[in-house]
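Student: Given the sequences, and given the hints that come with them, work out the whole structure.
Residues per chain are reported as follows:
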Amino acid sequence: MNRRDFLKKSAMAAGAVSLPYLLPGGTLFAPTGSRIANHVVFCLFAGGVRNLESVHKIDGNLMPNMLTGNESISNDILGGMSNLPSPASTRLQTLGTLFREFRYKQGPTGHYGGHNTILTGRYDETISLAQRPKYPTVFELYRKHSSPEQAALNSWWVSNSLGPYPALNFSDDPEYGAIYGANYVQPGSMIVGMPQDPIQLDDVKLDKVASMRQFMDNNFTSKTTAKDAGITNTAANRKRIEEFLRAEYQNAVNGQYSSFWGLQQNTINNDQVTMFFAEQVIKEFKPELLVVNMQDVDTCHQNFTRYANNIRKADYAVAKLWETIQNTPGMANDTILIVAPEHGRNLQPNTISDQYGRYALDHTSDPTSREIFCLVVGPPSKVKQNQLITQQVGESIDLVPTIARILGFDSEIPGGRLFGRHLGEAFV
Amino acid sequence: MLGFKFLDHRRWTMDHRCFKKQGRGVAMLFLASLLFFASCKKEELYVYEVNDVKVKQDKGDKNNVKSQTEFIAIAYSDLFQTGIDRATLEVLLSPYQAFGDQKLIEQMIIKSFLNVPGADVPTQAEMDANRSQFVTDAYVKFLAREPDEFELWHFERLFAEDPSITPQMFYFAILTSDEYRYY
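Going line by line, the protein sequences match chains A and B.
Take the first sequence: its position 109, counted from the start at 1, is 1292 in the working numbering, and no numbers get skipped.
Take the second sequence: its position 29, counted from the start at 1, is 321 in the working numbering, and no numbers get skipped.
Careful: at least some of the hints might be erroneous.
Derived DSBU-like pairs (lysine-lysine); straight-line CA-CA distance at most 30 Å [said to hold, decoys possible]: (1) Lys395/B with Lys1391/A; (2) Lys1567/A with Lys1288/A; (3) Lys395/B with Lys1469/A; (4) Lys1288/A with Lys1565/A; (5) Lys358/B with Lys395/B; (6) Lys358/B with Lys433/B; (7) Lys1388/A with Lys358/B; (8) Lys1240/A with Lys1565/A; (9) Lys395/B with Lys1422/A; (10) Lys1391/A with Lys1422/A; (11) Lys1391/A with Lys358/B; (12) Lys1317/A with Lys433/B; (13) Lys1240/A with Lys1327/A; (14) Lys1240/A with Lys1567/A; (15) Lys1469/A with Lys1388/A; (16) Lys1327/A with Lys358/B; (17) Lys1567/A with Lys358/B; (18) Lys358/B with Lys1422/A; (19) Lys1466/A with Lys433/B.
Derived coverage of chain A by chain B (criterion: at least 3 residues anywhere in the stretch with Cβ under 8 Å from a Cβ of chain B; other residues may be distant) [what the hints assert, rightly or not]: (20) 1333–1347; (21) 1363–1375; (22) 1392–1403; (23) 1418–1425.
Cβ-to-Cβ under 10 Å is the rule here; a few derived chain A residues that face chain B [claimed, not checked]: (24) Ile1382; (25) Gln1383; (26) Val1387; (27) Leu1389.
These are computed hints drawn from the structure, not numbers from a lab.
From a predicted model like this one, the values you see are computed outputs, not experimental measurements.
Idealized CB from N, CA, C, for every residue including glycine.
Tutor: In structure tokens:
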């Protein structure tokens, strides 16, 4: 190859590589600051859900609140299904766009890696369990690059379990970090451990305490970094949050977390409690960015039928969440709901059989465990309605750019920070 | 030199043996003199004592952040003069891990501690009786140091001007200060 040919082919190759980053996502050319909607609720239908059981419905429609179709649940596992209220007449799929063949393309199909990818928009095959993300999370990007910068009260990360998940509310990236993190909350632990019977101080006295504390802090050669103290809310917002948390504690004491949505107490699982709590966050704070994490389907490592049942429960919870959004002034008709698992599960089962004779499923990075779905729901003026995309379109890293585009801060993110693309196919 | 006074020529000629005897004595005397002067140096007095060392920490010396467990356990023992039991500690750790804004949780925990009967909080009368001592005691107790002159002046003046500030409020402030988070 002569020098001229080499340069020509190199230029073509470079164009082939860079073009997809420029055109399909529209990230670089998106209008500055314009928003598609003022709120995003992203529901991580997590714990590892196989497309076979969800959108391919091989055991019937286990997600009748989200998906259209009335396929019957397989007879052999029917005995393991809880009684749930009838699905709403309007399926969420009809209110938006379903990417049926979404993908988690790279990295081990582990929960934490999957969550990390979906919340940072970057595949990171080296992240360790509970290690803070190396790259900024969607919360940090949102708070830092929105104009004006957003308060922590506007971004929430509600997860159904502790484990490594608290570490996902902000990254170790030195340009971002705790000062741009989200209000992480794990409702169960928060309510169980609520500090009781505080001294009662009115606002005036609290201001005086804050003033004394400020004097002390100013007089201390502070080694406190934001990371030490986690994220930071303003004093006024802390007061609101504390009142909210104490109210939810009282609601729990009064039994509201044992009986809600018309569910029987013995059928309520942790995902549903988490989603119920997320509803209260929506009602109280109307956050612009809320990410809710469900996880109970991961029981599939030991019990397939319970997994199928938990898919149904999660589906019901998503429908109730959407109902709450539509009943909350300020969020109704101005919210985009995104639902996606972090990864799937293996095609081949493991050796553990449940009482219905079904074998359990792990997730060890086989091709099936990379198959997921993504449902984008929103008002007809913003989201294409009743659209089913059956081709393989979209991947996990596209969700951060999509959220950034919806909330209008995509164009403010420095170049090289976004690796996926905006899922423009879903939007009007 | 003292010995040469005895070098008498007559005696030398008379009795050489006598001279030899005397010479030995002179030599002995010379040696004794040397020893005497050498040994008569003034004895130096060594007094061993301990230098003054500050055992309290300066503000700038606190470089270690307390862990969540340490924060709760130390705050509890500071306020109740006894260790926290493991079950209570675990319950209180739960919201600490379950919420992103650690400062908020710390404030909630301290507010609860301060309302528990048995919390070692001075009365308003004790505080008003000697504000300087109250502030100093609190700084020593919680921050392991005495307040500097400015801090002392600031709080004495503040308490004098604003009688609505209670010992509980001051304790709440100091226990949730940045400095208390360090050791």
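Student: A separate judgement is required for each hint: does it hold in the structure or not?
Tutor: Results of checking the hints against the structure:
Proximity of lysine 395/B to lysine 1391/A is assessed by CA-CA distance (about 17 Å); at most 30 Å being required, the pair is judged to hold. For the proposed pair lysine 1567/A and lysine 1288/A, the alpha carbon gap of about 25 Å is at most 30 Å, so the pair holds. Of the pairs offered as hints, the one joining lysine 395/B and lysine 1469/A holds, with about 23 Å between alpha carbons and a cut-off of 30 Å not exceeded. Of the pairs offered as hints, the one joining lysine 1288/A and lysine 1565/A holds, with about 28 Å between alpha carbons and a cut-off of 30 Å not exceeded.
With a C-alpha separation of about 13 Å, the suggested pairing of lysine 358/B with lysine 395/B holds against the 30 Å cut-off. Distance hint between lysine 358/B and lysine 433/B is fulfilled; the C-alpha atoms sit about 16 Å from each other, no more than 30 Å. Distance hint between lysine 1388/A and lysine 358/B is fulfilled; the C-alpha atoms sit about 27 Å from each other, no more than 30 Å. At most 30 Å may separate the alpha-carbon atoms for a hinted pair to count; lysine 1240/A and lysine 1565/A meet this at roughly 28 Å.
For the given pair, lysine 395/B sits about 12 Å from lysine 1422/A by alpha-carbon distance, which is consistent with the 30 Å threshold. With a C-alpha separation of about 14 Å, the suggested pair lysine 1391/A and lysine 1422/A falls inside the 30 Å cut-off, and the hint holds. Distance hint between lysine 1391/A and lysine 358/B is fulfilled; the C-alpha atoms sit about 26 Å from each other, no more than 30 Å. Restraint check: the Cα-Cα separation between lysine 1317/A and lysine 433/B comes to about 40 Å, which exceeds 30 Å; the hinted pair is violated.
Of the supplied pair hints, the one linking lysine 1240/A and lysine 1327/A is violated, its CA atoms being roughly 41 Å apart against a limit of 30 Å. For the hint linking lysine 1240/A to lysine 1567/A, the alpha-carbon distance of about 23 Å falls within 30 Å, and the restraint holds. The straight-line distance between the Cα atoms of lysine 1469/A and lysine 1388/A is roughly 29 Å, inside the 30 Å bound, and the hint therefore holds. For the hint linking lysine 1327/A to lysine 358/B, the alpha-carbon distance of about 29 Å falls within 30 Å, and the restraint holds.
A hinted pair counts as satisfied when its Cα atoms are at most 30 Å apart, and lysine 1567/A with lysine 358/B does not qualify at roughly 52 Å. As the CA atoms of lysine 358/B and lysine 1422/A are separated by approximately 24 Å, the hinted pair is consistent with the 30 Å bound. Annotation: proposed proximity of lysine 1466/A to lysine 433/B is violated, straight-line Cα distance about 43 Å (limit 30 Å). For the region 1333–1347 of chain A, the stated coverage by chain B is satisfied: 3 residues place a CB nearer than 8 Å to a CB of that chain, which reaches the threshold of 3.
Only residues whose C-beta sits within less than 8 Å of a C-beta in chain B count toward coverage, and the region 1363–1375 of chain A has 11 of them, enough to reach three; the restraint holds. With 9 residues having a Cβ less than 8 Å from any Cβ of chain B, the region 1392–1403 of chain A passes the three-residue criterion, so the hint holds. Three residues within the 8 Å Cβ limit are the bar, and the region 1418–1425 of chain A against chain B gives 3, so the coverage statement holds. For isoleucine 1382/A, the shortest C-beta to C-beta distance to chain B is roughly 5 Å, which falls under 10 Å, so the interface hint holds.
A least Cβ separation of about 8 Å between glutamine 1383/A and chain B falls short of the 10 Å threshold, and the interface hint therefore holds. Nearest Cβ of chain B to the Cβ of valine 1387/A: about 8 Å, under the 10 Å cut. The hint holds. Proximity of leucine 1389/A to chain B holds as hinted, the smallest CB-CB distance being about 9 Å (cut-off 10 Å).
The structure is inconsistent with the numbered hints 12, 13, 17, 19, although it conforms to all the rest.
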